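Q: Protein sequences, first through last, are from chains A and B.
If you count the first sequence from 1, position 99 lands on 99 in the numbering used here, and the numbers rise without skipping.
If you want the numbering used here, it's the position in the second sequence, counting the first as 1, plus 397.
Since the hints were made in silico from the structure, they are not lab data.
Hints may be right or wrong, so weigh each one.
[What the hints assert, rightly or not] In silico contact screen, one side only, chain B against chain A (beta carbon under 7 Å); selected entries: (1) Ser-421; (2) Ala-422; (3) Lys-437; (4) Thr-479; (5) Phe-497; (6) Phe-518; (7) Ser-521; (8) Gln-522; (9) Leu-523; (10) Val-532.
Predicted model only: the values in this text are computed from it and were never measured.
Ideal placement from N, C-alpha and C gives every residue a C-beta, glycine not left out.
Read off the chains here:
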Amino acid sequence: MGAKRAGIVGVGMTVQRSTRRDVSGVELINEAVRAALDDSGMTRKDIDAIVIGNMDHFEGINYVDTWSVDGSGALGKPIMKMTTGGTTGSTVAMGAYYHVASGMFDRVLAIGWEKNSESDTTGAIITAFDPFWDRPTFGGAVAGLALEATQYMAETGATEEDAAYVAVRDRKNAINNPFAHLRMESNIEAIMSTPYLAWPVKLGDMCPRTDGACAVVFASEDIAGDFPNVPAWVHGVADRHLWGYTSDPYVNQHVKGGTWFPAMERATRELYDKVGITDPLEQFDVAELYLPYSFAGLRYMESLGFCERAGGPALVRSGDTDMGGKCPVNPSGGVLSSNAIGATGLLRVAEVALQVQGRAGDRQVPGAKLGLATGFGGCYWSDELVIGKEKPEKARG
Amino acid sequence: MDDWREAQEVLVMDGGIKVPYSWSAGETGTTYLESLRDDKKFLGTRCPECGIVYHIPRRNCPDCFSECAEWVELGSSGELVTYTITRKHHPQLSPLKGVFGYAVIKLDGADTGFVHLISEFDESQLAKGARVEAVFAGEREGSILDVRYFRPVKAVS
Ligand SMILES: [Zn+2]
Numbered sequence: 001m002g003a004k005r006a007g008i009v010g011v012g013m014t015v016q017r018s019t020r021r022d023v024s025g026v027e028l029i030n031e032a033v034r035a036a037l038d039d040s041g042m043t044r045k046d047i048d049a050i051v052i053g054n055m056d057h058f059e060g061i062n063y064v065d066t067w068s069v070d071g072s073g074a075l076g077k078p079i080m081k082m083t084t085g086g087t088t089g090s091t092v093a094m095g096a097y098y099h100v101a102s103g104m105f106d107r108v109l110a111i112g113w114e115k116n117s118e119s120d121t122t123g124a125i126i127t128a129f130d131p132f133w134d135r136p137t138f139g140g141a142v143a144g145l146a147l148e149a150t151q152y153m154a155e156t157g158a159t160e161e162d163a164a165y166v167a168v169r170d171r172k173n174a175i176n177n178p179f180a181h182l183r184m185e186s187n188i189e190a191i192m193s194t195p196y197l198a199w200p201v202k203l204g205d206m207c208p209r210t211d212g213a214c215a216v217v218f219a220s221e222d223i224a225g226d227f228p229n230v231p232a233w234v235h236g237v238a239d240r241h242l243w244g245y246t247s248d249p250y251v252n253q254h255v256k257g258g259t260w261f262p263a264m265e266r267a268t269r270e271l272y273d274k275v276g277i278t279d280p281l282e283q284f285d286v287a288e289l290y291l292p293y294s295f296a297g298l299r300y301m302e303s304l305g306f307c308e309r310a311g312g313p314a315l316v317r318s319g320d321t322d323m324g325g326k327c328p329v330n331p332s333g334g335v336l337s338s339n340a341i342g343a344t345g346l347l348r349v350a351e352v353a354l355q356v357q358g359r360a361g362d363r364q365v366p367g368a369k370l371g372l373a374t375g376f377g378g379c380y381w382s383d384e385l386v387i388g389k390e391k392p393e394k395a396r397g
Numbered sequence: 398m399d400d401w402r403e404a405q406e407v408l409v410m411d412g413g414i415k416v417p418y419s420w421s422a423g424e425t426g427t428t429y430l431e432s433l434r435d436d437k438k439f440l441g442t443r444c445p446e447c448g449i450v451y452h453i454p455r456r457n458c459p460d461c462f463s464e465c466a467e468w469v470e471l472g473s474s475g476e477l478v479t480y481t482i483t484r485k486h487h488p489q490l491s492p493l494k495g496v497f498g499y500a501v502i503k504l505d506g507a508d509t510g511f512v513h514l515i516s517e518f519d520e521s522q523l524a525k526g527a528r529v530e531a532v533f534a535g536e537r538e539g540s541i542l543d544v545r546y547f548r549p550v551k552a553v554s
């Protein structure tokens with residue numbers, strides 16, 4: 001049994017809001033699942049297997065896979081929970097893709113969800129850190145990102161205003177996305193005037209805490225013609241997860257001549273080699289990137305090969321990543337507009353699928369054929385997927 | 398769902414799960430913490446294959462996957478790799494009072510940085526590469542917080 005090519009044939013997402021108290025977690029999942037099933041012209045009975053994920057400790061429910069069957073449709077079906085922190089949503093997508101690509105399953109449903117409003121987000125995130133070496137002196141998300149931003153500015157000369165450009169861009173894009181949480185016209189001065197959370201990161205630089213869910217149906221090439229939508233094909237995936245202590249990224253940077261974000265750089269190299277990407281800015285028509293805060297929109301562009309080291313500020317200010325530019329980044333508004341963490345990576349995948357299918361509504365990039373979706377997790381992990389309109393010549397890991 | 402707030406008052410139940418744990422530092426971590434507690438000395442471990450000196454010490458090199466059995470004594474000063482400053486005090490979360498910083502610090506003799514706190518600084522003294530030194534707690538109990546924080550090394554004139 002050879003590897004099968006797989007395509008995305010259905011997408012469902014809930015409206016993303018700061019609180020969704022009108023539904024329980026199971027019911028929130030169900031909204032996204034129903035939408036994805038409707039979109040793919042299927043019922044629960046047609047699904048062969050389910051992959052689901054959310055952040056550990058966020059809702060305080062450990063057996064999410066079994067707890068959620070009323071909402072997910074998994075009753076009596078193979079179901080697997082995958083949870084990898086911030087990358088959970090993209091890992092769920094990759095897990096569903098692997099199920100189909102293995103040839104063992106034809107129709108697999110990927111689900112990512114979160115009710116951030118039900119938890120103490122920072123309290124829950126701290127449980128990801130080592131009890132001896134990290135938690136007493138460190139924890140949560142904002143301070144870790146601030147350390148990265150400080151170093152990035154020191155090494156490249158990038159400014160807080162450069163970062164603010166990214167926040168303005170993404171939230172403006174979100175105006176075109178009826179599902180997004182923060183949709184606003186803003187400007188650099190407004191972002192600069194928001195209070196510091198941990199220097200140099202300000203409130204306006206950070207993603208919001210969001211409730212929301214996303215579901216995506218992956219189908220085998222053998223049956224991909226049976227659905228109302230033309231499939232969005234997975235061209236390749238790659239991931240690198242590095243983790244020891246909070247300072248892990250530095251090991252590679254300072255000791256072995258690597259750069260700041262070895263996980264993203266290594267995943268990118270592998271993925272681009274497999275898919276044949278040599279000039280991402282020219283070859284990708286769209287990118288949905290997991291940018292959890294504004295500075296990521298500068299530095300990750302470098303790690304993803306869109307520009308040279310320290311070239312992030314010039315790249316984003318050139319307009320090449322704006323709507324109408326060479327490769328619009330985050331037409332959906334991205335993570336800076338909506339961050340229901342377990343859903344977030346899967347939403348990036350869903351958004352790229354909608355783009356290459358030409359179904360992205362007001363946020364559509366005209367004629368988009370090939371796109372990049374990424375997931376980011378702390379401490380500096382990276383999942384990456386290339387999704388395209390054309391069927392790839394073969395299945396790739 | 399956009400107008401759900403107007404439709405029905407929904408019941409919300411507050412929860413809080415407290416689960417006790419007893420984490421073991423292991424032999425390597427214990428040797429390190431005992432040295433901090435008893436001798437005020439930082440120890441690292443050296444990988445026999447690639448030669449990297451790890452601080453915090455690791456028993457296994459994550460790259461070579463070989464056992465790092467050799468102990469190396471490190472300095473109690475080092476340089477700032479990067480840092481951030483926190484101005485808002487939270488009684489449950491803030492490990493120090495007042496304005497303080499979180500920093501990645503590379504100790505003299507180590508190849509890797511680690512996360513700790515910085516205090517007693519004037520902000521003009523902070524920069525990538527700035528020299529900092531450890532301030533130990535008077536009463537030490539075998540925790541990374543036996544080092545209260547790091548502070549800028551006073552310039553020798
Ligand atoms: Zn080694």
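Q: For each hint, tell me whether it holds in the structure or not.
A: Hint-by-hint comparison with the structure:
1. Ser-421: Nearest chain A Cβ about 9 Å off; hint violated.
2. Ala-422: holds (6 Å)
3. Lys-437: Violated: closest Cβ of chain A sits about 17 Å from B/Lys-437, beyond 7 Å.
4. Thr-479: holds (4 Å)
5. Phe-497: violated (11 Å)
6. Phe-518: Where the cut-off is 7 Å and the nearest Cβ of chain A is about 13 Å from B/Phe-518, the hint is violated.
7. Ser-521: violated (14 Å)
8. Gln-522: Check failed: Cβ of B/Gln-522 comes no nearer than 15 Å to chain A, outside 7 Å.
9. Leu-523: violated (9 Å)
10. Val-532: Where the cut-off is 7 Å and the nearest Cβ of chain A is about 13 Å from B/Val-532, the hint is violated.
Of the numbered hints stated above, those contradicted by the structure are hints 1, 3, 5, 6, 7, 8, 9, 10, listed in ascending order.
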